[in-house]
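**Student:** Please take these sequences and the hints and turn them into a complete structure.
Chains L and A, in that order, are what the protein sequence lines are.
In this text, residue positions in the first sequence follow full-length UniProt numbering: the first is 1, and each later residue adds one.
In this text, residue positions in the second sequence follow full-length UniProt numbering: the first is 1, and each later residue adds one.
The set of hints was computed from the structure by calculation and includes no laboratory data.
This one's a predicted model, so the numbers in the text were calculated from it and none came from an experiment.
A portion of the hints provided could be inaccurate.
Claimed, not checked - Capping the alpha-carbon separation at 27 Å, the derived lysine-lysine pairs in DSS-like fashion look like this:
hint, chain 1, residue 1, chain 2, residue 2
1, A, 87, L, 85
2, L, 79, A, 87
3, A, 4, L, 142
4, L, 139, A, 64
5, L, 120, A, 116
6, A, 78, A, 43
7, A, 116, L, 118
8, A, 136, L, 6
9, L, 85, A, 78
10, A, 64, L, 85
11, A, 64, L, 142
12, A, 46, L, 88
13, A, 87, L, 6
14, A, 116, L, 65
15, A, 139, L, 44
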Amino acid sequence: MAIKPKLHYFNGRGRMETIRWLLAAAGVEFEEAEYLETRKQYEKLIQDGSLLFQQVPMVEIDGMKMVQTRAILNYIAGKHNLYGKDLKERALIDMYVEATMDLNEMIMFLPFQPPEEKEKNFALIIERATTRYFPVYEKVLKDHGQQFLVGNQFSWADVHLLEAILMAEECKPDILSPFPQLQAFKGRISNIPTIKKFLQPGSQR
Amino acid sequence: MSGKPKLTYFNGRGRMESVRWLLAAAGVEFEEEFLETSEQYQKLIKDGALLFDQVPLVEIDGMKMVQTRAILSYIAAKCNLYGKDPKERAFIDMYVEGTADLMGMIITFPFTPPQKRNLALIIERATTRYFPVYEKVLKDHGQQFLVGNQFSWADVHLLEAILMAEECKPDILSPFPQLQAFKGRISNIPTIKKFLQPGSQRKPPADDKFMAQEP
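**Tutor:** Printed below as a string of structure tokens:
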């Protein structure tokens, strides 16, 4: 019974965007339930018992109503062979992904900051991206010279890094200029057919 | 190369405590190095030991692991505390993320400026959002453990969360008979019982004295 996963969220990126990216990268078609636009819709979901901890994202997949972004992402990555081939590769993927999540989260919450904090936080995002996070991935790619971050194989870590790069470029378009490996990486991963498709206008991005 | 995992962190709970709990529950002996000065921390960064300039750091199986969730996932899987298939793993992940959210609120409490602290919200979330879920899970399947009728990371993490919540409000479990029984059962598992004894590597809650030590 190949039912498409069904995503429940607002009509926006938020915490669900990373899930959309991963499903798209894995070539999995998915549906999005009616976007949550009113408090009433949200409360109905809660009343139906659909939201384990009263929160979205919620993804209906393989007979489960999954909540908690990381749980959902872990499950999808594992199911679609994007989680490395052994525990150690998985550990590396987890480490890389946790860091890009930290960066993404800073960017995600920027619009919700009070105006007087925005400038300071924006500067912090740029600083963290260019001194804490991107140099690490630049070095990883340089050191092993492979196409992908982990295990010489396309994985969730690559998808997530591309997502983070594109979000960071929306903050500062030339943010990758000190990072030649990442520029090449961005080009390569963007050209993977499933990802290329997701980057086209009209996709669920 | 002793082979024992080595934990590097401040001498306090913070983000490392869940790692200590999990290793202890799995019966894995571990060593600890405590960061007490800014110099120690800067040295770690200069040595390239901290992938993203942050602790927790756990040296395990030849890796210098950072990022708490990555560390916990690795230990859970290695020690057979992560369920027996992807769906059990999915449930464990969901439950652990819930208890992590709750504990996250409690951990940051001492570090929040007094005028912004909201103990009432912590109590409310524990008793209306989180604990009812685990109470129902246990009631519905009637099993000893949260997932797959087998001891897992989810059980360890829930016990840790329960004990932290009780430090906020000692009778917080009074509406939850299943959780009370669960607490008793899991506390009696030999590895956990040992960890709950005085003198173990379990850390006390942060207080203002701890705050004064921050480098």
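**Student:** Given the hinted pair residue 120 (chain L) and residue 116 (chain A), is their alpha-carbon gap at most 27 Å?
**Tutor:** Holds, at roughly 21 Å.
**Student:** Taking only the CA atoms, is the gap from residue 79 (chain L) to residue 87 (chain A) under or equal to 27 Å?
**Tutor:** holds (10 Å)
**Student:** Sort out whether residue 43 (chain A) lies within 27 Å of residue 78 (chain A), counting only the CA atoms.
**Tutor:** This hinted pair is violated, its Cα atoms lying about 30 Å apart.
**Student:** Measure nothing beyond the straight line between the CA atoms of residue 64 (chain A) and residue 142 (chain L); if it is 27 Å or shorter, mark the hint as holding.
**Tutor:** Roughly 19 Å separates the two Cα atoms, so the pair holds.
**Student:** Is residue 139 (chain L) close enough to residue 64 (chain A), meaning Cα to Cα at most 27 Å?
**Tutor:** holds (16 Å)
**Student:** Are the Cα positions of residue 116 (chain A) and residue 65 (chain L) separated by 27 Å at most?
**Tutor:** violated (35 Å)
**Student:** For the pair supplied as a hint, residue 85 (chain L) and residue 78 (chain A), is the alpha-carbon distance within the 27 Å limit?
**Tutor:** Within the cut-off at roughly 14 Å; holds.
**Student:** Decide if the proposed pair is consistent with the structure: residue 139 (chain A) and residue 44 (chain L), CA atoms, cutoff 27 Å inclusive.
**Tutor:** Measuring from Cα to Cα gives roughly 24 Å; hence the hint holds.
**Student:** Does residue 142 (chain L) sit within 27 Å of residue 4 (chain A), going by the straight-line distance between their CA atoms?
**Tutor:** violated (31 Å)
**Student:** Hey, residue 136 (chain A) versus residue 6 (chain L), does the alpha-carbon distance stay inside 27 Å?
**Tutor:** holds (25 Å)
**Student:** Please verify whether residue 116 (chain A) and residue 118 (chain L) have alpha carbons no more than 27 Å apart.
**Tutor:** holds (20 Å)
**Student:** Between residue 64 (chain A) and residue 85 (chain L), is the straight-line Cα distance small enough, at 27 Å or below?
**Tutor:** Judged against 27 Å, a Cα distance of about 19 Å means the pair holds.
In summary, the numbered hints that this structure violates are 3, 6, 14.
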